[in-house]
Amino acid sequence: MLERKTLTYQCDSCRHREKINTSRSSMYGRSCEVCGKQTNPERVVVIAGNVKQAKEYWKRIKDKYQYENFQVKFLSNRPFAIDGISHRSLFIILCGNYQENVFYESKWYDSLKKLGVRIVHERI
Numbered sequence: 056m057l058e059r060k061t062l063t064y065q066c067d068s069c070r071h072r073e074k075i076n077t078s079r080s081s082m083y084g085r086s087c088e089v090c091g092k093q094t095n096p097e098r099v100v101v102i103a104g105n106v107k108q109a110k111e112y113w114k115r116i117k118d119k120y121q122y123e124n125f126q127v128k129f130l131s132n133r134p135f136a137i138d139g140i141s142h143r144s145l146f147i148i149l150c151g152n153y154q155e156n157v158f159y160e161s162k163w164y165d166s167l168k169k170l171g172v173r174i175v176h177e178r179i
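Numbering (my numbering), first residue to last: 56 to 179.
FYI, nobody ran anything at the bench for these hints, they're computed from the structure.
Just so you know, even glycine gets a beta-carbon here, dropped at the ideal spot from N, CA and C.
No false leads were slipped in.
With a cut-off of at most 30 angstroms between alpha-carbon atoms, the simulated DSS-like pairs for lysine-lysine come out as follows: (1) Lys128 / Lys168; (2) Lys162 / Lys114; (3) Lys128 / Lys169; (4) Lys168 / Lys114; (5) Lys107 / Lys169; (6) Lys110 / Lys169; (7) Lys128 / Lys110.
Beta-carbon label-pair distances, calculated as ranges: (8) Tyr159 / Glu111: 12 to 22 angstroms; (9) Val157 / Glu111: 11 to 21 angstroms; (10) Arg173 / Gly139: 15 to 25 angstroms; (11) Lys162 / Gln121: 27 to 37 angstroms; (12) Lys162 / Asp118: 25 to 35 angstroms; (13) Ile174 / Gln121: 17 to 27 angstroms; (14) Asn124 / Glu155: 24 to 34 angstroms; (15) Glu155 / Val175: 11 to 21 angstroms; (16) Gln154 / Asn124: 28 to 38 angstroms; (17) Asn152 / Lys119: 11 to 21 angstroms; (18) Glu111 / Arg133: 15 to 25 angstroms; (19) Lys114 / His176: 16 to 26 angstroms; (20) Lys169 / Pro134: 16 to 26 angstroms.
With the hints as constraints, model all of the structure from the sequences given.
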């Protein structure tokens, strides 16, 4: 079970600070109580059956996700492709036949769900 801790959330636009009690370390998706603006993800990970499919899906859906200053990573179907990806400010998009990707059934994916990382299933 994850330990509850007090974290300080600071809005990027109005610099309002707020202390929150949470068991989640990811602050993505939190909106400011003063200005209502949501925090932006630093990295968007697009997952499909393979990298080629992920890139094709991203071309179709990228207009839907307009954020400032983020990196897009396409996860290949190899176990070591997950290495080096931090769970902080992460946003995952599952597209197409993502069930065929090794990542989908990994322990790392399960831990990301428990940490509260935002995961979206896109259907095209």
